[in-house]
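Engineer: Protein chains in written order, with our numbering: chain L, 1 to 72; chain V, 1 to 254.
Be careful, since some hints might not be right.
Unchecked claim - On the chain L side, residues computed to face chain V include the following (Cβ under 8 Å): (1) ILE8; (2) TYR20; (3) ARG43.
Unchecked claim - Here are some chain L residues the structure puts well away from chain V; computed CB gaps all over 12 Å: (4) GLN4; (5) ARG48; (6) ARG61.
Claimed, not checked - Derived list of chain L stretches under chain V, where covered just means 3 residues or more per stretch with a C-beta under 8 Å from a C-beta of chain V: (7) 21 to 27; (8) 62 to 69.
Bear in mind the hints are in silico, worked out from the structure with no lab data behind them.
All of these numbers come straight from a predicted model, not from anything done at the bench.
Note that CB positions come from ideal geometry on N, CA and C, so glycine has one too.
This is what each chain is made of:
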Amino acid sequence: MQFQFENIAEFLAMQGHGPYVWISYAVTFAVLAALAVYPPLRRRQLQRELQRQQRIQQRRRQVKQNKMAEPA
Amino acid sequence: MTWQWFHRLGSPRWFYQKTGAWLPWLALASVVLLTIGSVWGLGFAPQDAKQGNSYRIIYIHVPAAFLALAGYYIMAISGAIGLIWKMKLSFAVMRAAAPIGAALTFVALFTGAVWGKPTWGTYWVWDARITSMLILLFLYIGVIALARAFSREQVADKACALLALVGTVNIPIIYKSVDWWFTLHQPATIKLTQSSSIDPSMFYPLLTMIVGFYCLYAWTLISHTRTLVLQREWRTQWVQQELPGEEAQGGEGK
């Protein structure tokens, strides 16, 4: 097994087929990368949303407690 | 009971906790295999006698098309399991499979179009293989769109499962399209029953890429399902413990 091209310039040119080959690989790997990074991003989003909800609930509870503590 | 594992498999919590440890290994395997396969296919595999260097697109086109089809089976079968046994997790797998399948079908169509230009002289022809792949893309998009059309998750799940099951009729058509109709698309390169029409020096890098795509598919399907599980089990105690607890440790990538 050996490298099929004389040099890097010829490797990139691929005898005129370079643009077709390289755009295919670029788009494919961009799509695959997007599939891979989506879940962690979405997870962080869910995490923030959950924390926001919990803060709201906590504040509501505090307001309720303060009202109860107020003298009539 | 012997069926206990089956019911446990249906539990979103069990799935979530079980699969966390697999992800880094699947990610590692797919990155390594796809890197080796790409370098091998792009630089070291011999040039094709008829198509020259443009044939090197095969190393991503064929694996993407393989997984686009296999992914449809996975989506339809998990939809069926969800309908029959009312398994929550199964519906989550079905919903996670739709965007991944759509992305892979898009990749297969896009690389095919770009490959078509230097080989056939055109980006697009309305022939059987290409048109049936386009229908596959619309089926995937249909499942995604249908899921968003319902406000109740349970209704959306059932509707998506039905659409996915009806759409399976397209899969054998795609497989057989190159044999049934006269088409520009070349017949299958790899055959299970007969010897393949491809030289080993080109076949091994292709096999590496196919295995790499399978690993990547498993990895993304599991991780997309996991986030869907978190989203759907939102109100349960274990999810609420799971989410803030991990941020305290300073990372999401477990």
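Engineer: Run every hint past the structure and note whether it holds.
Structural biologist: These are the hints, each one checked on the structure:
Given hint, ILE8 (chain L) at the interface with chain V, is violated; its Cβ is 10 Å from that chain's nearest Cβ, farther than 8 Å. Given the 8 Å rule on beta carbons, the hint for TYR20 (chain L) holds: about 5 Å separates it from the nearest Cβ of chain V. For ARG43 (chain L), the interface hint holds, since its Cβ comes within 8 Å of a Cβ in chain V; the closest pair sits about 5 Å apart. Some Cβ of chain V comes within 12 Å of the Cβ of GLN4 (chain L); the nearest lies about 6 Å off, and the non-interface call is violated.
At roughly 9 Å from the closest C-beta of chain V, the C-beta of ARG48 (chain L) falls inside 12 Å, breaking its exclusion from the interface. ARG61 (chain L), annotated as away from the interface, keeps every beta carbon of chain V farther than 12 Å; the closest lies near 16 Å. Note: the stretch 21 to 27 of chain L has 5 residues with beta-carbon separation from chain V under 8 Å; the three-residue rule is met and the coverage holds. Evaluation of the coverage hint for the stretch 62 to 69 of chain L: breached, as 0 residues show C-beta separations to chain V shorter than 8 Å, against a requirement of three.
Going through the hint list in order, the structure does not satisfy hints 1, 4, 5, 8.
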